[in-house]
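Colleague: Here's the letter readout for the chains.
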Amino acid sequence: KQEVTQIPAALSVPEGENLVLNCSFTDSAIYNLQWFRQDPGKGLTSLLLIQSSQREQTSGRLNASLDKSSGRSTLYIAASQPGDSATYLCAVSGATNKLIFGTGTLLAVQP
Amino acid sequence: EAGVTQSPTHLIKTRGQQATLRCSPISGHTSVYWYQQALGLGLQFLLWYDEGEERNRGNFPPRFSGRQFPNYSSELNVNALELEDSALYLCASTPTGQGATGELFFGEGSRLTVL
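Protein chains in written order, with our numbering: chain A, 1 to 111; chain B, 1001 to 1115.
Check the hints yourself; a few may be wrong.
Claimed, not checked - Computed footprint of chain B on chain A, listed as stretches where at least three residues anywhere in the stretch have a Cβ under 8 Å from a Cβ of chain B:
1) 28 to 42
2) 46 to 54
Stated by the list, open to error - Straight-line C-alpha distance at most 20 Å; calculated SDA-like pairs for lysine to any residue:
3) A:1 to B:1057
4) A:68 to A:3
5) A:68 to B:1101
6) A:68 to A:51
7) A:1 to B:1055
Since the hints were derived computationally from the structure, they do not count as laboratory data. This one's a predicted model, so the numbers in the text were calculated from it and none came from an experiment. We treat Cβ as the ideally placed atom computed from N, Cα and C, and that holds for glycine.
The shape of chain A in the complex, shown without the other chains (with noise of 0.2 Å):
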């Protein structure tokens, strides 16, 4: 059965750092594995879709990575922002076509 983990579960810095998120599943057996974002009662905005076969995406000051073998991606935020305050969440996807979500990381960006 697979299992995802995110570390940590809470993270606060001041503006203006860069900040790694970590993301762990137990099945490598994936498709793809993507983050999102969820501001506070609201619904999930995708960030990054990694397919099994790729290492990485870039979208503006965001990189994810993807280590299959290993069960590990990470989602690295630069120059953070204010308004990246929000939970960050990472799925997985594999065989039976459903999403299988972590934990969430609540991420808390001081001006």
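Starting from the known structure of chain A, arrange chain B on it as the hints suggest.
Modeller: Only chain B this time, still in chain A's reference frame:
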């Protein structure tokens, strides 16, 4: 282009009643997923519909059901509501077929409160 739309935004019901939630996928997307996000429990997979058929369901009792219509919109029905059904219900859609990446796009959710 419109994203995934869900209605209603908020719904208040009492125990034992039935709730119906609706989802319109992004135009061209044929697959619809439903997730439950209860307070403190994270996102739990409920149902997956593709081309009008239920393809997979999560570990939820049969009183959670749904369907997908010919226009690919979907509805989620929850019968005999219980207090623990209070949650944010999220719908997501994705295109299928050749070249599809499997990327899911979510709506803003429907907040169900059971009193």
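Colleague: Each of the hints needs a verdict: does it hold here or not?
Modeller: Cross-check of the supplied hints:
Coverage of the stretch 28 to 42 of chain A by chain B holds. Counting CB-CB distances below 8 Å, 6 residues qualify, and the rule asks for three or more. Under the rule that three or more residues need a Cβ within less than 8 Å of chain B, the assignment of the stretch 46 to 54 of chain A holds, with 3 such residues. With a CA separation close to 15 Å, the supplied pair residue 1 (chain A) and residue 1057 (chain B) stays within the 20 Å bound. For the hint pairing residue 68 (chain A) with residue 3 (chain A), the CA-to-CA distance comes to about 14 Å; that is within 20 Å, so the pair holds.
Restraint check for residue 68 (chain A) and residue 1101 (chain B): the C-alpha separation of about 17 Å stays at or below 20 Å, so the hint holds. For the hint pairing residue 68 (chain A) with residue 51 (chain A), the CA-to-CA distance comes to about 10 Å; that is within 20 Å, so the pair holds. Distance hint between residue 1 (chain A) and residue 1055 (chain B) is fulfilled; the C-alpha atoms sit about 19 Å from each other, no more than 20 Å.
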